[in-house]
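Trainee: Below are the chains, spelled out letter by letter.
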Amino acid sequence: MKEEYLLAALRMGAGADPVPEGVSAAARAVFGLRVPGGVPAGPVDLPVSPGARSAADSGTAQAERAQPETAHAGTAQDETTRPGTAQAGTAQAGTAQTGTAQAGVRRFSADGLVIDVETTVTEGRMEVAGQVSPAPGPDATIEVRTPHIAKVRTPSGSGHFAVAGLPPGWVSVVCHRPGHPPVFTRWIHVHP
Amino acid sequence: MPTDNSFATIDQAAWEDLVARFDGRMWAVARAFGLSAADAADAVQGAWLRLVESADTIRDPERIGAWLVTTTRHEAARLSRRARGEVVSDLDVPDTALPDPTAAVVDADFGRQVWRRLDLLGEPCRSLIRLYVLHPEARYAQIAVRLNLPIGSIGPTRARCMARLRALVEEEDTP
Numbered sequence: 001m002k003e004e005y006l007l008a009a010l011r012m013g014a015g016a017d018p019v020p021e022g023v024s025a026a027a028r029a030v031f032g033l034r035v036p037g038g039v040p041a042g043p044v045d046l047p048v049s050p051g052a053r054s055a056a057d058s059g060t061a062q063a064e065r066a067q068p069e070t071a072h073a074g075t076a077q078d079e080t081t082r083p084g085t086a087q088a089g090t091a092q093a094g095t096a097q098t099g100t101a102q103a104g105v106r107r108f109s110a111d112g113l114v115i116d117v118e119t120t121v122t123e124g125r126m127e128v129a130g131q132v133s134p135a136p137g138p139d140a141t142i143e144v145r146t147p148h149i150a151k152v153r154t155p156s157g158s159g160h161f162a163v164a165g166l167p168p169g170w171v172s173v174v175c176h177r178p179g180h181p182p183v184f185t186r187w188i189h190v191h192p
Numbered sequence: 001m002p003t004d005n006s007f008a009t010i011d012q013a014a015w016e017d018l019v020a021r022f023d024g025r026m027w028a029v030a031r032a033f034g035l036s037a038a039d040a041a042d043a044v045q046g047a048w049l050r051l052v053e054s055a056d057t058i059r060d061p062e063r064i065g066a067w068l069v070t071t072t073r074h075e076a077a078r079l080s081r082r083a084r085g086e087v088v089s090d091l092d093v094p095d096t097a098l099p100d101p102t103a104a105v106v107d108a109d110f111g112r113q114v115w116r117r118l119d120l121l122g123e124p125c126r127s128l129i130r131l132y133v134l135h136p137e138a139r140y141a142q143i144a145v146r147l148n149l150p151i152g153s154i155g156p157t158r159a160r161c162m163a164r165l166r167a168l169v170e171e172e173d174t175p
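If you're matching them up, the sequences are chains A and B in order. Just so you know, we're using full-length UniProt numbering here: the first sequence kicks off at 1 and counts up by one. Just so you know, we're using full-length UniProt numbering here: the second sequence kicks off at 1 and counts up by one.
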């Protein structure tokens, strides 16, 4: 029996430290984050840094959609930049790890698509940039989602996209292409 | 709860039923790792997000509770390691087919049984565990003052007392 389970059971038995309502509300809201018919893209090896942010300047803003109002379980974010998250271009090229080759860069793949996602946190706000390969065409859209807000971008001709001003925390990217099921990345946790 | 073989068809009402049944257990597990309220909330939310992204691969809805608790434990452990300065992956997720069966002990009724076992322990175990359980934010320094023990002894004593309690529970009343 794991000690954490024993401790959790003791607290529950005593009614100590009950789950905050905000945490329950956030859990209920997760239902709205399903992607019906979507294809999950799992992490894959990313042997060489693609420098996703360097070319992620041409994704154009198309829409910003607020998620249904939820009580945020994570409370306040501080306004500092964590070491290792503000500079994403510092990893050693050629280092192969599943899904991540440098601080803040992950690669996902499914349904013939590769989605590179790079996250940075500056002054308490998260920027998400990346590239979809092969470029999904002019009718595709890229949706960058947190549990609280989703922002939609039209990728550049080379498949790049970028979104700024998001709250740090959980984030996922969805690629919508006409005639194809949406492809969504696994949720990534980005610490402030 | 859905009755077909796939979790993917779950509706809003069934989802909210899952939340009502398991979010307290998930929170308790996250907090048992010593996480702050904010980090514990992130761990719990992460487990729910893992559930929606894994819905198509879950074939046994009866095991979802154990899966949720197991996944929360995994996310909490990851956040705990990061809080200690370790480099951790945010994409290492437990196999959806392998929920931990021992997660079933995370339950209020079972917790009340454990409290009765706690009364069988002598001091300082009984008081130390009581303080540790009832005051999740309490620091070792505060517990040391309350129990008049050296602060350096609190961690080892707590570990020893929890091990004795676990042994008592396992020998007499494992569900």
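Note that these hints are calculated values from the structure, not bench results. By construction, the Cβ of each residue, glycine as well, lies at the ideal position given by its N, Cα and C atoms. Any given hint could turn out to be false.
What the hints assert, rightly or not - Quick partial rundown of chain B residues pointing at chain A, CB under 7 Å, derived from the structure:
#1 Gln12
#2 Gln45
#3 Trp48
#4 Val105
#5 Val106
#6 Phe110
#7 Val114
#8 Trp115
#9 Cys125
#10 Leu134
#11 Tyr140
#12 Met162
#13 Arg166
Trainee: Could you run down the list of hints and mark each one as holding or not?
Mentor: Evaluation of the provided hints:
1. Taking 7 Å as the C-beta cut-off, the interface hint given for B/Gln12 holds, the closest approach to chain A being about 6 Å.
2. A least Cβ separation of about 5 Å between B/Gln45 and chain A falls short of the 7 Å threshold, and the interface hint therefore holds.
3. The closest approach between the C-beta of B/Trp48 and any C-beta of chain A is roughly 4 Å, which is under the 7 Å cut-off, so the hint is satisfied.
4. Restraint check, B/Val105 versus chain A: the minimum CB separation of about 5 Å is within 7 Å; hint holds.
5. A hinted interface residue such as B/Val106 counts as satisfied when its beta carbon comes closer than 7 Å to some beta carbon of chain A; here the least separation is about 5 Å, so the hint holds.
6. Interface hint status for B/Phe110: upheld, as the beta-carbon distance to the closest one in chain A is roughly 5 Å, under 7 Å.
7. Here the hint on B/Val114 is kept, as its CB sits about 5 Å from the closest CB of chain A, short of 7 Å.
8. Because the closest C-beta pair between B/Trp115 and chain A is about 5 Å apart, less than 7 Å, the hint holds.
9. Interface restraint check for B/Cys125: the shortest CB-CB distance to chain A comes to about 13 Å, outside 7 Å, so the restraint is violated.
10. A hinted interface residue such as B/Leu134 counts as satisfied when its beta carbon comes closer than 7 Å to some beta carbon of chain A; here the least separation is about 5 Å, so the hint holds.
11. Against a cut-off of 7 Å between C-beta atoms, the interface hint on B/Tyr140 is violated, since the closest Cβ of chain A lies about 15 Å away.
12. This hint holds: B/Met162 has a C-beta 5 Å from the nearest C-beta of chain A, less than the 7 Å allowed.
13. With its C-beta approaching chain A no nearer than about 6 Å, B/Arg166 sits inside the 7 Å limit, and its interface hint holds.
The earlier numbered hints that this structure contradicts are 9 and 11.
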